[in-house]
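Here are the chains, one letter per residue:
There are 2 protein chains.
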Amino acid sequence: MCEANVYMIKGEEEEMIMEAVDTVEPEDDGLKLTSIFGEQKFLNARIHSLALVDHKIFLKE
Amino acid sequence: MCEANVYMIKGEEEEMIMEAVDTVEPEDDGLKLTSIFGEQKFLNARIHSLALVDHKIFLKE
Chain S
1 MCEANVYMIK GEEEEMIMEA VDTVEPEDDG LKLTSIFGEQ KFLNARIHSL
51 ALVDHKIFLK E
Chain D
101 MCEANVYMIK GEEEEMIMEA VDTVEPEDDG LKLTSIFGEQ KFLNARIHSL
151 ALVDHKIFLK E
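So the protein lines, in turn, are chains S and D.
Using our numbering, the letters of the first sequence map in sequence onto residues 1 to 61.
Using our numbering, the letters of the second sequence map in sequence onto residues 101 to 161.
None of these hints come from the bench; they were simulated from the model.
For clarity, every value in this text was computed on a predicted model and none was experimentally measured.
One or more hints might be untrue.
Derived pair list, reagent style BS3-like, types lysine-lysine, alpha-carbon separation capped at 25 Å [what the hints assert, rightly or not]:
1) 10(S) x 32(S)
2) 32(S) x 156(D)
3) 141(D) x 60(S)
4) 56(S) x 156(D)
5) 141(D) x 110(D)
6) 110(D) x 160(D)
7) 160(D) x 60(S)
8) 41(S) x 60(S)
9) 60(S) x 156(D)
10) 160(D) x 32(S)
11) 41(S) x 160(D)
12) 56(S) x 132(D)
13) 141(D) x 56(S)
14) 41(S) x 156(D)
15) 32(S) x 132(D)
16) 132(D) x 156(D)
17) 10(S) x 60(S)
18) 160(D) x 56(S)
19) 32(S) x 60(S)
20) 10(S) x 110(D)
21) 41(S) x 141(D)
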């Protein structure tokens, strides 16, 4: 499987927000994250960068 | 490996831009894509959405 973990960049810190994310889609003013288990989260954030071989998605508010 | 293919959304169409992308990073007014083979591309675009289990990254200009 090719899911990734989602981190929010906050200054110099990276806070893990959600594991095993499959899809990230724009929704209203933010993003809808859906994990491979079907869990969903809505965040007021944008996608900052990706490091897929490391299974990492970075967001910023 | 967990790389993905990058597609540009153009209206109703999706145009494949680059295969086997590892990292996507903001650079100047656009994005720097780097493949698992070390190839790089710069695009004036933003990340629109992700479908990682399908190995797809969607960009928009």
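Tested hints:
no., hint, result
1, 10(S) x 32(S), "holds, 19 Å"
2, 32(S) x 156(D), "holds, 16 Å"
3, 141(D) x 60(S), "holds, 23 Å"
4, 56(S) x 156(D), "holds, 15 Å"
5, 141(D) x 110(D), "holds, 18 Å"
6, 110(D) x 160(D), "holds, 7 Å"
7, 160(D) x 60(S), "holds, 18 Å"
8, 41(S) x 60(S), "holds, 15 Å"
9, 60(S) x 156(D), "holds, 21 Å"
10, 160(D) x 32(S), "holds, 17 Å"
11, 41(S) x 160(D), "holds, 23 Å"
12, 56(S) x 132(D), "holds, 16 Å"
13, 141(D) x 56(S), "holds, 20 Å"
14, 41(S) x 156(D), "holds, 20 Å"
15, 32(S) x 132(D), "holds, 24 Å"
16, 132(D) x 156(D), "holds, 16 Å"
17, 10(S) x 60(S), "holds, 7 Å"
18, 160(D) x 56(S), "holds, 21 Å"
19, 32(S) x 60(S), "holds, 14 Å"
20, 10(S) x 110(D), "violated, 32 Å"
21, 41(S) x 141(D), "violated, 31 Å"
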